[in-house]
Amino acid sequence: MTSTTPSTGSTSRAPVRRLGDRLFAGTSRGAGILIVLILAGVAGFLIVQAAPAFTAPRADVPGGHGVVAYIAPLLFGTALAAVLALLIATPLAVGVALFITQFAPRRLAQGLGYLVDLLAAIPSIVYGFWGIAWLAPRLTPFYAWLADHLGFIPLFAGPASVTGKTMFTVGLVLGVMILPIVSAISREVFLQVPSLHREAALALGATRWEMIRMAVLPYGRSGIIGGAMLGLGRALGETLAVAIVLSASGGIVTFNLISPDNPSTIASNIALQFPESTGIGVNTLVASGLALFVLTLAVNVLARAIVNRRSQFSGAN
Amino acid sequence: MSQTSAPQAPAAPSPPPTSVQPRPRLPRWATAAAFAGAAVVAVLLGVLTALNLVTFVLYTAVVGTLALWAVSRRVEGRRKAKDRLVTSLVLGAFAVTLVPLLSLVYEVVRRGVARLDGEFFNSSMVGIIGPGGGAYHAILGTLIITGLTVVMSVPIGLLTAVYLVEYGTGRLKRAITFLVDVMTGIPSIVAGLFAYALFAIFFGPGVRLGIAGAVALSVLMIPVMVRSAEEVLKLVPNELREAAYALGVPKWRTIVKVVIPTAIAGLGTSVTLAIARVIGETAPLLVTVGITNATNLDPFDGRMATLPVFAYYQLTQPGVPPEFGIDRAWTAALVLIMLVMGLNLLARLISHFFAPKTGR
Chain A
1 MTSTTPSTGS TSRAPVRRLG DRLFAGTSRG AGILIVLILA GVAGFLIVQA APAFTAPRAD
61 VPGGHGVVAY IAPLLFGTAL AAVLALLIAT PLAVGVALFI TQFAPRRLAQ GLGYLVDLLA
121 AIPSIVYGFW GIAWLAPRLT PFYAWLADHL GFIPLFAGPA SVTGKTMFTV GLVLGVMILP
181 IVSAISREVF LQVPSLHREA ALALGATRWE MIRMAVLPYG RSGIIGGAML GLGRALGETL
241 AVAIVLSASG GIVTFNLISP DNPSTIASNI ALQFPESTGI GVNTLVASGL ALFVLTLAVN
301 VLARAIVNRR SQFSGAN
Chain B
1 MSQTSAPQAP AAPSPPPTSV QPRPRLPRWA TAAAFAGAAV VAVLLGVLTA LNLVTFVLYT
61 AVVGTLALWA VSRRVEGRRK AKDRLVTSLV LGAFAVTLVP LLSLVYEVVR RGVARLDGEF
121 FNSSMVGIIG PGGGAYHAIL GTLIITGLTV VMSVPIGLLT AVYLVEYGTG RLKRAITFLV
181 DVMTGIPSIV AGLFAYALFA IFFGPGVRLG IAGAVALSVL MIPVMVRSAE EVLKLVPNEL
241 REAAYALGVP KWRTIVKVVI PTAIAGLGTS VTLAIARVIG ETAPLLVTVG ITNATNLDPF
301 DGRMATLPVF AYYQLTQPGV PPEFGIDRAW TAALVLIMLV MGLNLLARLI SHFFAPKTGR
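The listed protein sequences correspond, in order, to chains A and B.
Just so you know, my numbering puts 158 at position 158 of the first sequence, and the rest follows in order with no gaps.
Just so you know, my numbering puts 45 at position 45 of the second sequence, and the rest follows in order with no gaps.
Next up, chain A with everything else stripped away, as it sits in the complex:
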């Protein structure tokens, strides 16, 4: 190579751009750009398909009161189920992450972590099966008890569902589904806690819990928050587990968690209605999907911002 070019000894500022290099660099760069285009395409095609629902006469939209009136109760149900799941999953997930990183014997820790990760591997439809066949029937006596004794709280006003296909069951199922995500991210952050911080706390005579409270949790806080928000994003978009478990009646807005009449969620409503829908009904469902997309996008962007802030910060500490 070098012998062919006589002026090779001089300062060759511009390196040789070989054809293979250009091709390969171009292709991989193109793949990256393709991802940007796909994401733009998701938004674009959804808008195109959703647009007729906004321009159509309000009476033609399913429900008969326009697209906004159709989506609003669904949005409420989606948020209610997801927040409920988050409230159930976050404390448990943090406990699991603490157990695996701080309490469990080190040799067992990896295996236990894998066990929790298995929860994330199970397909969402199987969670639906489990929710309706195993969980829901076992919860009905509990719902009856709640309605009898705590009925004065609006959340448990009842009448209690006899099938167990309630918002509360959905919250539990979704909670189980997002738990591995929240726990995995918390675990990662807890493992990054500098061992000097932990050892210093222990050397000062702190008990293990005091060490966790003073060294691990402050360091891991943004990881927990970010993980919880990623879990929230997942819970918002869960489809079939909700579609199978929830006994939904359209257009309801209620905080009653244990009654047989529940608001539906956007994703499960799409799954239930889409196969039978035609014309403007499809456009309305796509519009509701667009709303879900925007909502999860916002939640995820926020979550990533929180998690990434931590990762920039952690190296130096």
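Keep in mind that the hints are not guaranteed to be accurate.
Derived SDA-like pairs (lysine to any residue); straight-line CA-CA distance at most 20 Å [to be verified]: (1) B:234 with B:273; (2) B:173 with A:40; (3) B:80 with B:26; (4) B:257 with B:166; (5) A:165 with A:251; (6) B:80 with A:58; (7) B:80 with A:114; (8) B:251 with A:165; (9) B:251 with A:18; (10) B:234 with B:128; (11) B:234 with B:254; (12) B:173 with A:23; (13) B:80 with A:213; (14) B:82 with B:98; (15) B:82 with A:210; (16) B:80 with B:92.
Because the hints were derived from the structure by calculation, they are not lab data.
Let chain A serve as the given structure and place chain B on it in line with the hints.
Chain B in isolation, oriented as in the chain A frame:
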């Protein structure tokens, strides 16, 4: 805090620091004793209310934790007692987490094993009313659609990861990293709607195609693929790249001949895990591919059956004597779980057996 009680600090230094007596500690068997005692109490409580496994475990856990806390507080002091309480709670959280996993696997195996027979794997649902029938068509459909998804996603995902690790700089790299992160959060049903919307433009409304399902799954698989491949490529030591450059090897050949072979085990794991992630997806296929009773192996021609969608419809629309459809649904769920778990196991095995020797 409580040990260092020095409000009268300037007083005589007469009591030397050694006089600080360590609090007595509970013996090692205290935990076991507390929970054994709690188990006895739990049986008594259970007889009073309702004795079954759930109440027994619940009572034992609660009573044991409280007893241990009370005793420890009395003997060891407040701080140690709190530590024990938290230990119990954290262990409890882990135990509670295992309940869904174990009960789910148990339930699916128990109900699914009834129809796990030869007929399930080699007959479709054509003309089936009542007993019999199987998921032959659905299993093949799942394999075809997942295969197409892999063919589309792996090159894009891998090349993007290569771009991010080897070439990317500045704003475009940051934008792609961020968008990939965002893309991992796209709800699966939205991916399905996107693919539907895309194909509806060309084929008209109501389109159902296997390839549309593959496109939807690709939207879900690509970000997973990029993310994990990126992590793997980052692990390749820079010394290897520099050694190749020093020998005058062009960059693209360095990547193809040095970087990727070094990372091949990790990449295999990434691909397998990404497949496991999408093979059980139901929602996008429900919207884009639909369901059919007959065996359709052409992803460019009409509806296809897929295993998750098959399971969903067999459960929700089981037919007139419902038990046969429901049995088929559970068996489909069992097969699905076995597929996913098998892929996860395969991924572990790949990373275990083909991992490069680090030399450390």
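Evaluated hints:
With a C-alpha separation of about 18 Å, the suggested pair residue 234 (chain B) and residue 273 (chain B) falls inside the 20 Å cut-off, and the hint holds. For the proposed pair residue 173 (chain B) and residue 40 (chain A), the alpha carbon gap of about 17 Å is at most 20 Å, so the pair holds. Between residue 80 (chain B) and residue 26 (chain B) the alpha-carbon distance is near 10 Å, which keeps this suggested pair within the 20 Å criterion. Between residue 257 (chain B) and residue 166 (chain B) the CA atoms are separated by roughly 14 Å; this keeps the pair inside 20 Å, and the hint holds.
Simply put, residue 165 (chain A) and residue 251 (chain A) have alpha-carbon atoms about 17 Å apart, close enough for the 20 Å limit, and the pair holds. Distance restraint check for residue 80 (chain B) and residue 58 (chain A): the Cα-Cα separation of roughly 65 Å exceeds the 20 Å cut-off, and the hinted pair is therefore not satisfied. Restraint check: the Cα-Cα separation between residue 80 (chain B) and residue 114 (chain A) comes to about 31 Å, which exceeds 20 Å; the hinted pair is violated. Between residue 251 (chain B) and residue 165 (chain A), the direct Cα distance comes to roughly 58 Å. Violation of the 20 Å bound is thereby established for this hinted pair.
With a C-alpha separation of about 9 Å, the suggested pairing of residue 251 (chain B) with residue 18 (chain A) holds against the 20 Å cut-off. Of the pairs offered as hints, the one joining residue 234 (chain B) and residue 128 (chain B) is violated, with about 53 Å between alpha carbons and a cut-off of 20 Å exceeded. Between residue 234 (chain B) and residue 254 (chain B) the CA atoms are separated by roughly 15 Å; this keeps the pair inside 20 Å, and the hint holds. Our distance criterion of 20 Å between C-alpha atoms is met by residue 173 (chain B) and residue 23 (chain A), whose separation comes to about 18 Å.
Between the alpha carbons of residue 80 (chain B) and residue 213 (chain A) the distance comes to roughly 14 Å, so the proposed pair stays at or under 20 Å and holds. Taken as a hint, the residue 82 (chain B) and residue 98 (chain B) pair is broken in the structure, with Cα atoms around 25 Å apart against an allowance of 20 Å. Of the pairs offered as hints, the one joining residue 82 (chain B) and residue 210 (chain A) holds, with about 9 Å between alpha carbons and a cut-off of 20 Å not exceeded. Between residue 80 (chain B) and residue 92 (chain B) the CA atoms are separated by roughly 18 Å; this keeps the pair inside 20 Å, and the hint holds.
This entry does not satisfy hints 6, 7, 8, 10, 14, going by the numbered hints stated previously.
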